[in-house]
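Novice: Here is how the chains run, residue by residue.
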Amino acid sequence: GAVVSQHPSRVICKSGTSVKIECRSLDFQATTMFWYRQFPKKSLMLMATSNEGSKATYEQGVEKDKFLINHASLTLSTLTVTSAHPEDSSFYICSARSGGGVDTQYFGPGTRLTVL
Amino acid sequence: KNEVEQSPQNLTAQEGEFITINCSYSVGISALHWLQQHPGGGIVSLFMLSSGKKKHGRLIATINIQEKHSSLHITASHPRDSAVYICAVGAAGNKLTFGGGTRVLVKP
Numbered sequence: 001g002a003v004v005s006q007h008p009s010r011v012i013c014k015s016g017t018s019v020k021i022e023c024r025s026l027d028f029q030a031t032t033m034f035w036y037r038q039f040p041k042k043s044l045m046l047m048a049t050s051n052e053g054s055k056a057t058y059e060q061g062v063e064k065d066k067f068l069i070n071h072a073s074l075t076l077s078t079l080t081v082t083s084a085h086p087e088d089s090s091f092y093i094c095s096a097r098s099g100g101g102v103d104t105q106y107f108g109p110g111t112r113l114t115v116l
Numbered sequence: 001k002n003e004v005e006q007s008p009q010n011l012t013a014q015e016g017e018f019i020t021i022n023c024s025y026s027v028g029i030s031a032l033h034w035l036q037q038h039p040g041g042g043i044v045s046l047f048m049l050s051s052g053k054k055k056h057g058r059l060i061a062t063i064n065i066q067e068k069h070s071s072l073h074i075t076a077s078h079p080r081d082s083a084v085y086i087c088a089v090g091a092a093g094n095k096l097t098f099g100g101g102t103r104v105l106v107k108p
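Residue numbers (the numbering used here), protein chains in the order written: chain A, 1 to 116; chain B, 1 to 108.
Just so you know, these hints were derived from the structure itself, not from any lab.
These numbers were taken from a predicted model, which means no experiment stands behind them.
Note that CB positions come from ideal geometry on N, CA and C, so glycine has one too.
Among the hints, erroneous ones may be present.
To be verified - In silico negatives: residues of chain A with every beta carbon more than 12 Å from chain B:
| id | residue |
| --- | --- |
| 1 | V4 |
| 2 | R10 |
| 3 | S15 |
| 4 | E22 |
| 5 | Q29 |
| 6 | M45 |
| 7 | S54 |
| 8 | K55 |
| 9 | E63 |
| 10 | D88 |
| 11 | R97 |
Said to hold, decoys possible - Below, a list of computed lysine-lysine pairs in the DSS-like style, where the Cα atoms sit at most 27 Å apart:
| id | chain 1 | residue 1 | chain 2 | residue 2 |
| --- | --- | --- | --- | --- |
| 12 | A | K55 | B | K95 |
| 13 | A | K66 | B | K107 |
| 14 | A | K20 | B | K107 |
| 15 | A | K64 | B | K68 |
| 16 | A | K64 | B | K95 |
| 17 | B | K68 | B | K107 |
| 18 | A | K64 | B | K55 |
| 19 | B | K68 | A | K66 |
Chain B on its own, in the form it takes in the complex:
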């Protein structure tokens, strides 16, 4: 069993729909990262959080430390949101452990 599990693996949505991606982990962490990778390959750090909730534009990330679970929400999705979204967890001073990614396709 992987230490970091993401669901779903693939997601197709219509433009405007609300999207949720989930990440569950089995290790103790100090921080959780949500990353976005576009087809060209470049990775963008969306959020780094250790508790609670963060919001940036149409993106919202939440984390529940007790349940070892995080969600990434995209409101009013747009075709430009099409990308692979990766959850990664890190313990203090240690390397990151990555989830397998969720491939999101938003159709116009």
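Only chain A is shown next, with the shape it has when bound in the complex:
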């Protein structure tokens, strides 16, 4: 099946720094990528939807200046957590949609961010 990768898988950073997380579709072109956040023992929460070459659509309550999303190509989307704070510590997951007739969506393995 289709493969989506994320890098890094784990990152620890100091408060105030920025962290970039990459999401790549390895064997298909992803017209749309989704970024999710997951708190411990909770389900996934959609943060934003990004379409290649256009601005991301953020869900209500998600700060677009805090979580910068770039979808520069059909195989790569990046999420940058700017000026990270301890409360940004979470598990971030991306998924990619291939644009097929059925809503085919493939998930990345996730990135665990810890902000000290």
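Following the hints, position chain B against chain A.
Specialist: Relative to the frame of chain A, chain B by itself:
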């Protein structure tokens, strides 16, 4: 009421037992996903289905569009099946709506 309801929330089984997890939804969908999340956090897509039944190894997923219900079955369960299983539904072009997950523990 959540749009996607999973049951049970938690399930403990002995190795070898047959496991069933249920998912009911209240919206019209184009596809339903079953996902597996291990304690380390990584998510694996198990199935995506829009009708009928799919089988992969010891896993079977079924969906009844008229009843808005899907089931995930694990045959001959094994401790390595211990994980959280998540049902998610999507309408064409729209974002996914997730169930709360079912935490499965298979004891040896």
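Novice: Against this structure, judge whether each hint is valid.
Specialist: Okay, the hints, checked on the actual structure:
1. With a minimum CB-CB distance of about 9 Å to chain B, V4/A fails to clear the 12 Å threshold, and the non-interface call is violated.
2. The beta carbon of R10/A sits about 9 Å from the closest Cβ of chain B, which is not more than 12 Å, so the claim that it is off the interface is violated.
3. With 12 Å as the threshold on Cβ separation, the claim that S15/A sits away from chain B holds: the shortest Cβ distance comes to roughly 22 Å.
4. Distance check on E22/A: its Cβ is at least 16 Å (rounded) from any Cβ of chain B, clearing the 12 Å threshold; non-interface status holds.
5. The Cβ of Q29/A sits about 17 Å from the closest Cβ of chain B, beyond the 12 Å cut-off, so the non-interface label holds.
6. Interface exclusion of M45/A from chain B breaks down, the closest Cβ pair being 8 Å apart, not more than 12 Å.
7. Chain B leaves S54/A outside its interface by the beta-carbon criterion, the shortest separation being 15 Å against a cut-off of 12 Å.
8. No Cβ of chain B approaches the Cβ of K55/A within 12 Å, the least distance being about 16 Å, so the stated non-interface status holds.
9. Distance to chain B confirms E63/A as a non-interface residue, since its nearest Cβ pair spans about 19 Å, more than 12 Å.
10. Residue placement check: D88/A keeps its beta carbon more than 12 Å from all beta carbons of chain B (closest about 16 Å).
11. Listed as a non-interface residue, R97/A fails to keep its Cβ farther than 12 Å from every Cβ of chain B; the least gap is roughly 9 Å.
12. With a C-alpha separation of about 16 Å, the suggested pairing of K55/A with K95/B holds against the 27 Å cut-off.
13. Proximity of K66/A to K107/B is assessed by CA-CA distance (about 43 Å); at most 27 Å being required, the pair is judged violated.
14. With a C-alpha separation of about 39 Å, the suggested pair K20/A and K107/B falls outside the 27 Å cut-off, and the hint is violated.
15. In summary, the hint linking K64/A to K68/B is not supported, as the alpha carbons are separated by about 35 Å, beyond the 27 Å threshold.
16. Taken as a hint, the K64/A and K95/B pair is honoured in the structure, with Cα atoms around 18 Å apart against an allowance of 27 Å.
17. Our distance criterion of 27 Å between C-alpha atoms is broken by K68/B and K107/B, whose separation comes to about 31 Å.
18. With a C-alpha separation of about 41 Å, the suggested pairing of K64/A with K55/B is violated against the 27 Å cut-off.
19. For the given pair, K68/B sits about 38 Å from K66/A by alpha-carbon distance, which is inconsistent with the 27 Å threshold.
Checked against the numbered hints listed earlier, the structure breaks hints 1, 2, 6, 11, 13, 14, 15, 17, 18 and 19; every other hint is satisfied.
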